[in-house]
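S.K.: Protein sequences appear in the order of chains A and B. Counting along the first sequence from 1, when you hit position 121 you're at 121 in this note's numbering, and nothing is skipped either side. Counting along the second sequence from 1, when you hit position 2 you're at 2 in this note's numbering, and nothing is skipped either side.
You can trust all of the hints, since none of them are fake.
Incomplete in silico selection of chain B near chain A, CB under 8 Å:
{"id": "1", "residue": "Val38"}
{"id": "2", "residue": "Leu101"}
{"id": "3", "residue": "Val102"}
{"id": "4", "residue": "Phe103"}
{"id": "5", "residue": "Gly106"}
{"id": "6", "residue": "Ile110"}
{"id": "7", "residue": "Ala114"}
{"id": "8", "residue": "Ile227"}
{"id": "9", "residue": "Phe231"}
{"id": "10", "residue": "Leu269"}
{"id": "11", "residue": "Ala270"}
{"id": "12", "residue": "Phe273"}
{"id": "13", "residue": "Gly274"}
{"id": "14", "residue": "Leu276"}
{"id": "15", "residue": "Leu277"}
{"id": "16", "residue": "Leu280"}
Listed next, the stretches of chain A that the computed footprint assigns to chain B, with coverage defined by at least 3 CB atoms under 8 Å from CB atoms of chain B:
{"id": "17", "region": "49-59"}
{"id": "18", "region": "114-127"}
{"id": "19", "region": "242-254"}
{"id": "20", "region": "270-282"}
No lab work stands behind these hints: they were computed from the structure. Quick reminder that beta carbons are idealized off the backbone N, C-alpha and C, glycines included.
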Amino acid sequence: MKTVRAFLVGVALIGLGLLLVGLRVNPYAYFAGYVVLQYVIIATAWNVLGGYAGYVNFGTPAFFALGAYTAIFLIEAFGAPLPVLILAGGLVAGLLGLGIGYLTLRLKGVFFSIATFALSVVLQTLIINWDYVGGAKGYTLIRPPAPFFGSWAILLFMVMVGLAVVTVLVARSVERSWIGRGLAALRDNEEAAECMGVPTLRLKLFATTLSGFFLGVAGAPFPYYVTYVEPSSAFDLNYAVNALAMPMIGGTTTWIGPVIGAVLLGTAQQVATVTISSELNLLIVGVVLVLFVVLAPEGIVGLVRRLRHR
Amino acid sequence: MFSWDLLANAIVAGILLGGFYAAVSLGVSLTFGLLDVVNIAHPAFVILGAYVAYMMNSSFGLDPILTGVLFTPLFYAVGAGVYRIYYSSFERRGEESLRGLVFFFGLLFIIEVALSLKYGVDYRMVEAAYIGKSIDLGGVGIAFRLLVPCVVGLAMTLALYLFLSRTFYGRAVMGVSQDQVALRLMGANPVRIKTIAFGIGIAAASLSGALLITISPVVPSTDRDYIGRVFAITVLGGLGSIGGTLVASIILGVAESLMATLFGPSWSLAVSFGILLLALAVRPAGLFGR
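If we strip away everything but chain A, and leave its shape as in the complex, we get (with noise of 0.2 Å):
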C-alpha cells in the first residue's frame, strides 16, 4: 500500500511540474529549477552508496560528466535523441560503477574515497586530451528547435522532473527493501555483515553501479542544457562537494534526507548566484557543510526526530 501511495505521490508531483510549465512563469525559474532537481538526482544518487553503504564517493564529477560526454559522443556520432543519450549516459556510468565496486574488494574507508577522487582526475585528463568531444577547448552543440513546449528551458525542466521523481522512488524502495537493510548491515559493520550471511559484495557492486547509474543519468541531459561543454564545467569540484553537503545537511540514513539537503541548498545557491555571487554562494556551501558535520551529524532529518522523542 505505501509503495502505491508513495508512486501516486510521484505522479503528483510530476502533474504539478505540468502545471508549473503551464503557468508559464518566468522563465529563469525553470532554468534554475533544473539545476534543484538536478542535485536531487545527484544527492539521491550519491546517498545510495555513501548513506546505505556508508562507502563516501569523492568521484561524483567522474559519472557526472561521463554521462555528459556519452551524450556528447552519441550526439556527435550518431545524433541520437535526448531519451536515448539519458539511458546511455547512465548506462555508460553505471558501468564505471559497476568497476568501483570491484575496487571496494581491496579498498575500504578513506582509501576508497581517496581511489574515487583520482578515478575523477584521471577521466579529466583522458577527455581534456579526446578531441573527438572537445578535447580542452570543449564541445558547442547546436540544438535542433525544442519538439515539445515550446523552449528547451521549459522541455528539459520536464524532463528533469520526471527523472528526480524515478530516482527518488528507486531509492526509496531500495531503502525499504532486504537490499537497504543488507547495505545498512554492511554500513555498520561489514565484517559482521558478511559473517550473518549478508552477500556484501553483491550489495556493494548493486549500490555503486546503481548510485553510478543516476549520476550518469544527471550528467546526460547536461550538454542540451548549458549548450556548451568544457572538461572543467562538467569535472566541476562543486558536484563532488554538493553531492557531499546535500545528503549530510539533510540526513544519510533515509531517501528524504538528500531530497531536503538537495532542495534547501540547492534553491539557496540559485539564490545566491542571483542576488550575491557565484563566488560567495560556494563559499556558503563549504561552511554550511563544515557547520552541519561538526554540529549535526545526522543532518535536518536527525535533528527533527531527536526533537520529537524529546
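Position chain B against the provided structure of chain A, taking the given hints into account.
M.R.: Leaving out everything else, chain B in the frame of chain A:
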C-alpha cells in the same frame, strides 16, 4: 626527435621535483601515516602558504622561502587549532573515519574558494634573485628555481626524520599510532602529542607552499592537483615512513617529468593518479609499508 640530452634533462628535473614533492608530502605522511587523520585539506594549506609568500613578496619584497620559514609558527598554531576541533567533534566520539573526511573536504573547499574570492583566479608568482638563473653541467641544465626548493625539501625531510627518531616528542608521535595506553604510561598525553604532530604537519605544508610558488605560478585551484600527488606519494612510500616518502617523491617526480617530456604536459597529472590507483589496487601497504 629523441635525444639523450633531453632524457637526461628530464630525469634531473624529475629528481629535483621529487625533492620538492617530498616537502609537500611530509605533512601527510605525518598526519595520515602516523596519526591516522585523513587530512585531505593538506594541499589547501600548501596553497595558503604559497599565497602568504606571494603577499609578503609583492608587498614587502620578502624572499618567498624566508617568508615560509617565518610563518611556520603561525601555521603550526592553525594546525593545532584545526586538530582540536577535529578531535572534539569526531575523534572523541569515535566517528572520525567518514565524517572527519567530509570535514576536511569541506575545509579544503572553503580555503580554495576564500582564496579565489580574495585573489581571483589569475596566476600569481613571486620574484627573487635566484629565480630564472641556472647552472649548466655538461648539457644538463639545473634551474635554481628547482634546485633551491629541492634543497629545502631535503633539509625538511632530514629535520623531520631526526625529530621523529631522536627526540622524546618525535618518538611519542611514532608511538601514538601504535599504543596509546603505553604512551599514557610513559607520562605523555596522546591528544597533546597528536596536536603537536598535526601542527608540525600544517607548518610543513605552509613552508612547502612557499617552495611551490618559487617553482611555478599558483592559482587557488592548484590544490586539487596535489591531492593525488601527496596521497600517491604517501601510499606508495608506505604510510608514515619518512624515507619511503622521499623515495616515492623522487619516483613520482621522475615519472611525471618523463611523461611531460615524452607525451606533453597535459598527461603528467594522470601519472600521479595512475600511480595512486595502481598502488591502492596492487599494494596498499606501499613500498616501505609497516
